[in-house]
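Protein chains: 2
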Amino acid sequence: MARSRITPEREAELYEAVLDLLRTAGYEGLTMDAVAARTRSSKATLYRQWGSKPELVARALRHNKPVSIAEIDTGSLRGDFHAMVDRMDDCQMEKDSALMRGLAHAIHENPDLHQALRDLLIDPEMTGLDTLVQRAVDRGELPADNPALKYVPHMLVGAFIARPLIEDRSVDRDFISSYLDAVVLPALGI
Amino acid sequence: MARSRITPEREAELYEAVLDLLRTAGYEGLTMDAVAARTRSSKATLYRQWGSKPELVARALRHNKPVSIAEIDTGSLRGDFHAMVDRMDDCQMEKDSALMRGLAHAIHENPDLHQALRDLLIDPEMTGLDTLVQRAVDRGELPADNPALKYVPHMLVGAFIARPLIEDRSVDRDFISSYLDAVVLPALGI
Numbered sequence: 001m002a003r004s005r006i007t008p009e010r011e012a013e014l015y016e017a018v019l020d021l022l023r024t025a026g027y028e029g030l031t032m033d034a035v036a037a038r039t040r041s042s043k044a045t046l047y048r049q050w051g052s053k054p055e056l057v058a059r060a061l062r063h064n065k066p067v068s069i070a071e072i073d074t075g076s077l078r079g080d081f082h083a084m085v086d087r088m089d090d091c092q093m094e095k096d097s098a099l100m101r102g103l104a105h106a107i108h109e110n111p112d113l114h115q116a117l118r119d120l121l122i123d124p125e126m127t128g129l130d131t132l133v134q135r136a137v138d139r140g141e142l143p144a145d146n147p148a149l150k151y152v153p154h155m156l157v158g159a160f161i162a163r164p165l166i167e168d169r170s171v172d173r174d175f176i177s178s179y180l181d182a183v184v185l186p187a188l189g190i
Numbered sequence: 001m002a003r004s005r006i007t008p009e010r011e012a013e014l015y016e017a018v019l020d021l022l023r024t025a026g027y028e029g030l031t032m033d034a035v036a037a038r039t040r041s042s043k044a045t046l047y048r049q050w051g052s053k054p055e056l057v058a059r060a061l062r063h064n065k066p067v068s069i070a071e072i073d074t075g076s077l078r079g080d081f082h083a084m085v086d087r088m089d090d091c092q093m094e095k096d097s098a099l100m101r102g103l104a105h106a107i108h109e110n111p112d113l114h115q116a117l118r119d120l121l122i123d124p125e126m127t128g129l130d131t132l133v134q135r136a137v138d139r140g141e142l143p144a145d146n147p148a149l150k151y152v153p154h155m156l157v158g159a160f161i162a163r164p165l166i167e168d169r170s171v172d173r174d175f176i177s178s179y180l181d182a183v184v185l186p187a188l189g190i
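Protein sequences, first through last, are from chains A and B.
Residue 1 is where the first sequence starts when you use the UniProt record's numbering, and the numbers rise one by one after that.
Residue 1 is where the second sequence starts when you use the UniProt record's numbering, and the numbers rise one by one after that.
I should point out that these hints are in silico values taken from the structure, not numbers from a laboratory.
Misleading hints may appear alongside valid ones.
One copy or any two copies: either way a pair holds, since identical chains are not told apart in the list.
Subject to a maximum C-alpha distance of 20 Å in a straight line, what follows is the list of computed SDA-like cross-link-like pairs (lysine to any residue) [as the list claims (entries may be wrong)]:
| id | residue 1 | residue 2 |
| --- | --- | --- |
| 1 | Lys65 | Ser42 |
| 2 | Lys150 | Asp174 |
| 3 | Lys150 | Leu180 |
| 4 | Lys150 | Asp168 |
| 5 | Lys43 | Thr74 |
| 6 | Lys150 | Gly189 |
| 7 | Lys150 | Leu185 |
| 8 | Lys150 | Phe175 |
| 9 | Lys150 | Glu167 |
| 10 | Lys150 | Pro186 |
| 11 | Lys65 | Gln115 |
| 12 | Lys150 | Ile166 |
| 13 | Lys65 | Asp130 |
| 14 | Lys53 | Glu13 |
| 15 | Lys95 | Leu149 |
| 16 | Lys53 | Ala37 |
| 17 | Lys95 | Ala106 |
| 18 | Lys65 | Asn110 |
| 19 | Lys150 | Asp181 |
| 20 | Lys53 | Thr74 |
| 21 | Lys95 | His105 |
| 22 | Lys53 | Asp33 |
| 23 | Lys150 | Pro164 |
| 24 | Lys43 | Asp138 |
Looking at chain A on its own, in the form it has when it is part of the complex (with noise of 0.2 Å):
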């Protein structure tokens, strides 16, 4: 990959857009000559740079989250959980999860699609969120036998998703903070 050819800010340019016709078209609709087309870039560019669609969409979302979970070290799971939801921001949650509910779809019918998701985002954010609860074994917070602690993905993940489907509302930081402390923790034993 010869992504070191443009600059950073051209190329948070060109996630933005990408963004922004994933929510609009949807991963279907968005096609490599729109991409051109918005960012007044060659089709032949693009894919030199990113090789193929789902690779561009993969970089994209995670250009989105450019801080590593891991990275958080507050000294308790609580304080690392809470200081994780404080980065958050409400009107990114709201888009993130209408990008979320369109990729769920095409991720099922585009392989290709969740094998970048994986590799990019999905097990890279996986791998924090352990980091963080490992941290919280080592310190003595939680057994390692802990049999809820194979499932902390699940528990954020399922939130994310499950609020829109049964309050008719996206997720907010109140909601994700009172989910935390209502719900993750105390099957943590926490």
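Chain A is fixed; fit chain B onto it per the hints.
Frame of chain A, contents of chain B only:
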């Protein structure tokens, strides 16, 4: 509604055809013409009996779940939850989760479908779940002010949707059973 004009067998056959078409063509691709052709009915009959495509789809999904959760009453919340899982079927759950994935997107695009699903499927299931939990509160199994009470639906629905995204596997009875014991019951303090 004059649903009594057709036999229960015929009604079941029709709903099964609607669910098959939903799985293969998706909500957008499911047309009343296709349902009519597949079931050798006239479109006029379909509209007379069900009023609209969203209602037909919601009734077909509801037909899949003939037993109300509220009828489960084993004497303990742990028993009730596990009885709920025992009634499920691994193969059925895999089919349901394919349906839900397709519908999550369609719901967002079609407010009429969302309303019909809410009236016929989501609200009754939520009410059934509330009944189980309220009985446990009445028995003194858990305090009425437990902050996790209001998140029981989020925990359960979330587990169903999150597993395929995180683990690339649809849910089965073993997973839900383990999730109940590791997450849902401990979060409730049981």
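Hints, one by one, checked against the model:
When the C-alpha separation of Lys65 and Ser42 is checked against a cutoff of 20 Å, the pair qualifies neither within a copy, at 26 Å, nor between copies, at 52 Å. Only between protomers do Lys150 and Asp174 lie at most 20 Å apart by alpha-carbon distance; the minimum there is 15 Å, versus 25 Å within a single protomer. With identical chains, the CA atoms of Lys150 and Leu180 are at most 20 Å apart both within one copy (16 Å) and between copies (13 Å). In this assembly of identical chains, the alpha carbons of Lys150 and Asp168 lie at most 20 Å apart only when taken from different copies (15 Å versus 28 Å within one copy).
Within a single copy, Lys43 and Thr74 get their C-alpha atoms no closer than 45 Å, and across copies no closer than 63 Å, so neither meets the 20 Å cut-off. In this homomeric assembly, Lys150 and Gly189 come within 20 Å of each other (Cα to Cα) both inside a single copy, at 14 Å, and across copies, at 19 Å. For the identical chains of this complex, Lys150 and Leu185 are neighbours both inside a copy (13 Å) and across copies (16 Å), given an alpha-carbon limit of 20 Å. For the identical chains of this complex, Lys150 and Phe175 are inter-copy neighbours only, at 12 Å across copies versus 22 Å inside a copy, given an alpha-carbon limit of 20 Å.
For a Cα distance limit of 20 Å, the shortest separation of Lys150 from Glu167 across copies, 11 Å, qualifies, whereas the shortest one inside one copy, 27 Å, does not. Proximity of Lys150 and Pro186 under a CA criterion of 20 Å is satisfied in both settings, with 15 Å inside one chain copy and 14 Å between copies. For the identical chains of this complex, Lys65 and Gln115 are intra-copy neighbours only, at 18 Å inside a copy versus 34 Å across copies, given an alpha-carbon limit of 20 Å. In this homomeric assembly, Lys150 and Ile166 come within 20 Å of each other (Cα to Cα) only across copies, at 11 Å, whereas the closest approach inside a single copy is 25 Å.
When the C-alpha separation of Lys65 and Asp130 is checked against a cutoff of 20 Å, the pair qualifies only within one copy, where the shortest distance is 17 Å, while the shortest distance between copies is 37 Å. Taking identical chains as interchangeable, the C-alpha atoms of Lys53 and Glu13 lie at most 20 Å apart only when both belong to the same chain, with a minimum of 17 Å there against 42 Å between chains. For the homomeric pair Lys95 and Leu149, neither the shortest alpha-carbon distance inside one copy (29 Å) nor that between copies (28 Å) is at most 20 Å. Taking CA atoms no more than 20 Å apart as the test, Lys53 paired with Ala37 passes inside one copy only; the shortest distance there is 15 Å, against 38 Å between copies.
For a Cα distance limit of 20 Å, the shortest separation of Lys95 from Ala106 qualifies both inside one copy, at 17 Å, and across copies, at 18 Å. With identical chains, the CA atoms of Lys65 and Asn110 are never at most 20 Å apart, being 23 Å at best within one copy and 30 Å at best between copies. Proximity of Lys150 to Asp181 under the C-alpha cut-off of 20 Å is found in both arrangements, the shortest distances being 18 Å within a copy and 13 Å between copies. Taking the shortest alpha-carbon separations for Lys53 and Thr74, neither the intra-copy value of 38 Å nor the inter-copy value of 52 Å comes in at or below 20 Å.
In the homo-oligomer, the alpha carbons of Lys95 and His105 lie at most 20 Å apart both inside one protomer (17 Å) and across protomers (15 Å), since each shortest distance falls under that limit. Taking the closest pair of Cα atoms, Lys53 and Asp33 come within 20 Å of each other only inside a single copy of the chain (11 Å); across copies the shortest separation is 35 Å, beyond that limit. Taking CA atoms no more than 20 Å apart as the test, Lys150 paired with Pro164 passes between copies only; the shortest distance there is 15 Å, against 24 Å inside one copy. When the C-alpha separation of Lys43 and Asp138 is checked against a cutoff of 20 Å, the pair qualifies neither within a copy, at 49 Å, nor between copies, at 65 Å.
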